[in-house]
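Enquirer: Respectively, the protein sequence lines represent chains A and B.
Under the numbering used here, the first residue of the first sequence is numbered 1, with each subsequent residue one higher.
Under the numbering used here, the first residue of the second sequence is numbered 1, with each subsequent residue one higher.
There may be inaccurate statements among the hints.
Using 20 Å as the maximum straight-line C-alpha spacing, the simulated DMTMM-like pairs for lysine to aspartate or glutamate come out as follows [unchecked claim]: (1) Lys24(A) - Glu48(A); (2) Lys174(B) - Glu392(A); (3) Lys202(B) - Glu100(A); (4) Lys34(A) - Glu100(A); (5) Lys208(B) - Asp340(A); (6) Lys438(A) - Asp395(A); (7) Lys174(B) - Asp153(B); (8) Lys7(A) - Glu374(A); (9) Lys174(B) - Glu390(A); (10) Lys18(A) - Asp157(A); (11) Lys128(A) - Asp183(A); (12) Lys52(A) - Asp104(A); (13) Lys442(A) - Glu32(B); (14) Lys18(A) - Glu292(A); (15) Lys65(A) - Glu114(A); (16) Lys265(B) - Asp248(B); (17) Lys265(B) - Glu227(B); (18) Lys252(B) - Glu227(B); (19) Lys62(B) - Glu32(B); (20) Lys436(A) - Glu374(A); (21) Lys174(B) - Glu431(A); (22) Lys436(A) - Asp395(A); (23) Lys202(B) - Glu198(A); (24) Lys438(A) - Asp177(B); (25) Lys174(B) - Glu201(B); (26) Lys441(A) - Asp395(A); (27) Lys208(B) - Glu86(A); (28) Lys154(A) - Glu198(A); (29) Lys441(A) - Asp177(B); (30) Lys258(B) - Asp159(B); (31) Lys426(A) - Asp177(B); (32) Lys34(A) - Glu114(A); (33) Lys128(A) - Asp157(A); (34) Lys87(A) - Asp153(B); (35) Lys34(A) - Asp107(A); (36) Lys436(A) - Asp177(B); (37) Lys429(A) - Asp177(B); (38) Lys202(B) - Glu431(A).
If you're looking for bench data, these hints aren't it; they were derived computationally from the structure.
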Amino acid sequence: MSDKPRKFKGGVHPEDSKALSASKPVQTAPLLGKYTVIVHQNIGAPPEIVVKKGDLVKKGQLLAKATGFVSVPLHAPTSGTVTAIEKCPGPACVSVPAIEITADGQDEWGSPFEPIADWQNADPAVLKQRVVDAGIVGMGGAGFPSHVKLSPTKPVDTLILNGAECEPYLTADHRLMLEQTEDVLLGAAILARILGLETAVIGVEANKPDAISKLNAFASNYNVTVQTLAVNYPQGAEKQLIYALTGREVPIGGLPMDVGCVVQNVASAVAVADAVIKGHPSIERITTVTGEPVVNPGNWRFRIGTPISKAIELAGGVKVQPAKLLLGGPMMGFAQNSLDVTVMKNTSGILLIPVEQVSQYTSEPCIRCGRCVEACPMDILPATISQAVENERFDWAEQLNVAACIECGSCSYVCPSHRPLNQHFKRAKAEILAAKRKQQKK
Amino acid sequence: MMLIITAVLFTAGLGALLALIIGATARAFAVETDSRIETVTEMLPGVNCGGCGYAGCADFAKAIVEGRTLPVQCPVSTSVHTARIAEYLGITAGEKEKVIAVVRCGGSCAVTVRSPYNGVSDCRSAVLVAGGAKGCDFGCVGFASCARACPFDAIEMRDGLAVVHPELCIGCGKCVDTCPKNLIVLTPAAVDVHVYCNSPEKGAVKTKVCKTACIACRKCVKAADNETQMTVNGFLVADNYSNPPISDLVEKAKCPTKALRLASKHAAGAYEGVSK
Numbered sequence: 001m002s003d004k005p006r007k008f009k010g011g012v013h014p015e016d017s018k019a020l021s022a023s024k025p026v027q028t029a030p031l032l033g034k035y036t037v038i039v040h041q042n043i044g045a046p047p048e049i050v051v052k053k054g055d056l057v058k059k060g061q062l063l064a065k066a067t068g069f070v071s072v073p074l075h076a077p078t079s080g081t082v083t084a085i086e087k088c089p090g091p092a093c094v095s096v097p098a099i100e101i102t103a104d105g106q107d108e109w110g111s112p113f114e115p116i117a118d119w120q121n122a123d124p125a126v127l128k129q130r131v132v133d134a135g136i137v138g139m140g141g142a143g144f145p146s147h148v149k150l151s152p153t154k155p156v157d158t159l160i161l162n163g164a165e166c167e168p169y170l171t172a173d174h175r176l177m178l179e180q181t182e183d184v185l186l187g188a189a190i191l192a193r194i195l196g197l198e199t200a201v202i203g204v205e206a207n208k209p210d211a212i213s214k215l216n217a218f219a220s221n222y223n224v225t226v227q228t229l230a231v232n233y234p235q236g237a238e239k240q241l242i243y244a245l246t247g248r249e250v251p252i253g254g255l256p257m258d259v260g261c262v263v264q265n266v267a268s269a270v271a272v273a274d275a276v277i278k279g280h281p282s283i284e285r286i287t288t289v290t291g292e293p294v295v296n297p298g299n300w301r302f303r304i305g306t307p308i309s310k311a312i313e314l315a316g317g318v319k320v321q322p323a324k325l326l327l328g329g330p331m332m333g334f335a336q337n338s339l340d341v342t343v344m345k346n347t348s349g350i351l352l353i354p355v356e357q358v359s360q361y362t363s364e365p366c367i368r369c370g371r372c373v374e375a376c377p378m379d380i381l382p383a384t385i386s387q388a389v390e391n392e393r394f395d396w397a398e399q400l401n402v403a404a405c406i407e408c409g410s411c412s413y414v415c416p417s418h419r420p421l422n423q424h425f426k427r428a429k430a431e432i433l434a435a436k437r438k439q440q441k442k
Numbered sequence: 001m002m003l004i005i006t007a008v009l010f011t012a013g014l015g016a017l018l019a020l021i022i023g024a025t026a027r028a029f030a031v032e033t034d035s036r037i038e039t040v041t042e043m044l045p046g047v048n049c050g051g052c053g054y055a056g057c058a059d060f061a062k063a064i065v066e067g068r069t070l071p072v073q074c075p076v077s078t079s080v081h082t083a084r085i086a087e088y089l090g091i092t093a094g095e096k097e098k099v100i101a102v103v104r105c106g107g108s109c110a111v112t113v114r115s116p117y118n119g120v121s122d123c124r125s126a127v128l129v130a131g132g133a134k135g136c137d138f139g140c141v142g143f144a145s146c147a148r149a150c151p152f153d154a155i156e157m158r159d160g161l162a163v164v165h166p167e168l169c170i171g172c173g174k175c176v177d178t179c180p181k182n183l184i185v186l187t188p189a190a191v192d193v194h195v196y197c198n199s200p201e202k203g204a205v206k207t208k209v210c211k212t213a214c215i216a217c218r219k220c221v222k223a224a225d226n227e228t229q230m231t232v233n234g235f236l237v238a239d240n241y242s243n244p245p246i247s248d249l250v251e252k253a254k255c256p257t258k259a260l261r262l263a264s265k266h267a268a269g270a271y272e273g274v275s276k
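Work the whole structure out from these sequences, hints included.
Expert: Here it is, written out as structure tokens:
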């Protein structure tokens, strides 16, 4: 492979604003008195709660068990008592079931697993089962169960680790690669063993030169190649990453395994390493708390169930009243209306936006400039599809391949008419899915 | 001169010939139509609302003439109109209870918590990005998807809340499917008392986000003429529409949050600015 940074077609270049927190080492958040763990943290089926109110739990103990293949178990973030199982504000601004644990302050481990120190000689099936049991999901933001990707039904020849972190503001993966370089590489090696591969490739955007050189220093020990990626949003999207690194295109409606690839986030790789080597389930993650209103932007190691209000408090609170709170980055993050939402396995960032940066615009008619078409990394026609949706012609939107949209928001970002294109596509996808379900019922 | 006469005669002759051919073809290949269908279509309102369950007034007229349905199924026509159709066809008009739509939410901007939102102004799009802009997960989203769907302008958006005007609503049901929160139900037009709340949450949770939520205090259940007039489902009370309460219940029950309302007074704005 050449040393030239790799890129994909299309994309946009938003100001990355990573300087706010990129140089801040990861701090471990202190033990809280109470954690409210949201039960459904993964894409797929929600797990089934196995504890009841009043139960004593140990740190790492099973709280909810997986209910099917595309589902993951949930574990206690600390030792203590289950004080409530009720609804709490969820990340999509709708109340969701959650388990409240009042900590006993002992923080005593009761992990159900034994460490597998000799992973090089362990059976790949045992290692995979550990990933299943540890409840590991895609920690870049999607929350897709990791073990599903590790069970390809087609031959796979490439394991890709996603260290692109293309979302502006977020620096959690950057700090992770810098501070836990060997854990990332170890995770990569374990994942490669599970898939029966010898090597892995890790893609990192060129705006993290320190992480790239540190990874390069250790990579050969683990049989991993480090590849520099061009700074271009959405470089960290699965399909774009695969194209940039291998030149292969995942078909519409297809999966990475259709082109022989498996992509895992770097934070998920570290979670895999922790689960195998230490025997720890996935109960914590590194999250960036950032934004101009934050007094002390930085990166913290939070346990799942930590309220957002506590996270912001740890970052010193706010200097000015923020206008918007997002979970995730500014491009794909979800706006919140409550500070009681808690950190989940896929909360990569907590972003506060000041009032000057929240644009209050009105949607104007499309001027057919074609900038959205140039920006679209999936080569679809955002302008045309949005008109189909505005006229409620969902059949037309379907013909125009709205299903290929990865909802990266590049089109909305460049649109000079401020058209809410991304939201239109979400609507179209939801309507098409609803129509299909209706038809299946008939 | 001769030239002009020849041209006129030739054109007239050609015209007559073609008229004959067209006339003969029309007679030979005539499509048998029931003239009654056209007459009945003209007697129908012509709004094409679809409230009858057929694809517009002409399709409905065809169904009536073919005996598949009865004139009364048209929700727009009054009894005078349906009787006229029945008389023309020599059938009975049939009987049907008139229904009207009720938006089961009283959460206008004045009484609910609301976050700023500037995306697509459509309820079904709004719920996809943040579950809607209001604090309540179950209430009216307030972006007028139902009002736009109403062919009779019977739904008014008042302070971010969809309000049905009972005197304008004909119960076609076009609005029902447009609500992403499934708030709209068709109820017997004779019933004026409704519970304007749809949240199954606990009272304490509801009152945090909405001042006019039903807190399931059961005052209305006790005040009703008999126990079965209101149904209690968890933390939410609703009318039992098969045995509905009468209008004076609102007066008698003294609902503390004013979630129990008269549809007619609600439309007239009598409950606006309710405070606790």
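Enquirer: Tell me, which hint numbers fail for this structure?
Expert: 1, 10, 13, 17, 20, 23, 25, 32, 34, 38
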